[in-house]
Amino acid sequence: AQSVTQLGSHVSVSEGALVLLRCNYSSSVPPYLFWYVQYPNQGLQLLLKYTTGATLVKGINGFEAEFKKSETSFHLTKPSAHMSDAAEYFCAVSEGTGNQFYFGTGTSLTVIP
Amino acid sequence: GAVVSQHPSWVICKSGTSVKIECRSLDFQATTMFWYRQFPKQSLMLMATSNEGSKATYEQGVEKDKFLINHASLTLSTLTVTSAHPEDSSFYICSASRVISTGELFFGEGSRLTVL
Numbered sequence: 003a004q005s006v007t008q009l010g011s012h013v014s015v016s017e018g019a020l021v022l023l024r025c026n027y028s029s030s031v032p033p034y035l036f037w038y039v040q041y042p043n044q045g046l047q048l049l050l051k052y053t054t055g056a057t058l059v060k061g062i063n064g065f066e067a068e069f070k071k072s073e074t075s076f077h078l079t080k081p082s083a084h085m086s087d088a089a090e091y092f093c094a095v096s097e098g099t100g101n102q103f104y105f106g107t108g109t110s111l112t113v114i115p
Numbered sequence: 002g003a004v005v006s007q008h009p010s011w012v013i014c015k016s017g018t019s020v021k022i023e024c025r026s027l028d029f030q031a032t033t034m035f036w037y038r039q040f041p042k043q044s045l046m047l048m049a050t051s052n053e054g055s056k057a058t059y060e061q062g063v064e065k066d067k068f069l070i071n072h073a074s075l076t077l078s079t080l081t082v083t084s085a086h087p088e089d090s091s092f093y094i095c096s097a098s099r100v101i102s103t104g105e106l107f108f109g110e111g112s113r114l115t116v117l
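Chains A and D, in that order, give the protein sequences.
According to this note's numbering, the stretch in the first sequence is residues 3 to 115, in order.
According to this note's numbering, the stretch in the second sequence is residues 2 to 117, in order.
Keep in mind the hints are simulated off the structure, nothing from the lab.
Do not take every clue at face value.
Only pairs whose alpha carbons sit at most 25 Å apart, straight line, appear in this in silico SDA-like list of lysine to any residue [stated by the list, open to error]:
(1) A/Lys51 x D/Asn52
(2) D/Lys56 x A/Gln102
(3) A/Lys51 x D/Gln43
(4) A/Lys51 x D/Val4
(5) D/Lys42 x A/Phe65
(6) D/Lys15 x A/Asn43
(7) D/Lys21 x A/Gln44
(8) D/Lys67 x D/Thr79
(9) D/Lys42 x A/Asn43
(10) D/Lys42 x A/Val13
(11) D/Lys42 x A/Leu50
(12) D/Lys42 x A/Gln102
(13) D/Lys42 x A/Tyr27
All chains, please: the whole structure from these sequences, using the hints.
This is the structure we're talking about:
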């Protein structure tokens, strides 16, 4: 069985500060890991994904995440927060292509000017 | 590439009527489409998985007679909320995976249903 835990349903950072959103997963097979962003009343947009290969993954808008198998984590970071980063962020895991996704409960990011 | 379009984005209907939401993959063929429901400030709840040409697989607790899903082609899936009631008001999101999958899901923009 697969599951995703996002620690912290709400995170607030100052503009220009480091963004760190935490995601831990459980999976019985090598996982595919994803971060999606959702703006109000919109669908989900892929930020980045890990399937195989390099464990440090770079995504859009300056975000990156590192797959750490030993810690079963896939935390999302961005060195310097922008106001436009304020949104809901979802971590997700799947067992591979065509398989069901399991989403975390989401983290709402607030950026303080 | 890999655009998924949902229509309508917003719909308001009277209690007892039926509403159809369309989900189209615009530039790729989707073997599988997923329908989610999202309550305010909450995560996505998977309602059903549909494969082209076959019956949808519904998650436990989701009424299949209430939420009719049709996946008639590799680019179109529809969700019909039958005899809608105010408690069906929600944000519905579809997603699709490609025939030649890259592992990720592509999401529609979502459809906000309000039942009066």
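Comparing the hints with the structure gives:
Simply put, A/Lys51 and D/Asn52 have alpha-carbon atoms about 24 Å apart, close enough for the 25 Å limit, and the pair holds. Between the alpha carbons of D/Lys56 and A/Gln102 the distance comes to roughly 17 Å, so the proposed pair stays at or under 25 Å and holds. Taken as a hint, the A/Lys51 and D/Gln43 pair is honoured in the structure, with Cα atoms around 22 Å apart against an allowance of 25 Å. For the suggested pair A/Lys51 and D/Val4, the alpha carbons sit about 17 Å apart, so the restraint of at most 25 Å is met.
Restraint check for D/Lys42 and A/Phe65: the C-alpha separation of about 23 Å stays at or below 25 Å, so the hint holds. Distance restraint check for D/Lys15 and A/Asn43: the Cα-Cα separation of roughly 21 Å lies within the 25 Å cut-off, and the hinted pair is therefore satisfied. Distance hint between D/Lys21 and A/Gln44 is fulfilled; the C-alpha atoms sit about 18 Å from each other, no more than 25 Å. Restraint check: the Cα-Cα separation between D/Lys67 and D/Thr79 comes to about 13 Å, which is no more than 25 Å; the hinted pair holds.
Of the pairs offered as hints, the one joining D/Lys42 and A/Asn43 holds, with about 11 Å between alpha carbons and a cut-off of 25 Å not exceeded. Between the alpha carbons of D/Lys42 and A/Val13 the distance comes to roughly 14 Å, so the proposed pair stays at or under 25 Å and holds. Of the pairs offered as hints, the one joining D/Lys42 and A/Leu50 holds, with about 22 Å between alpha carbons and a cut-off of 25 Å not exceeded. For the hint linking D/Lys42 to A/Gln102, the alpha-carbon distance of about 22 Å falls within 25 Å, and the restraint holds.
For the proposed pair D/Lys42 and A/Tyr27, the alpha carbon gap of about 21 Å is at most 25 Å, so the pair holds.
Comparing the model with each numbered hint stated earlier shows that all of them hold.
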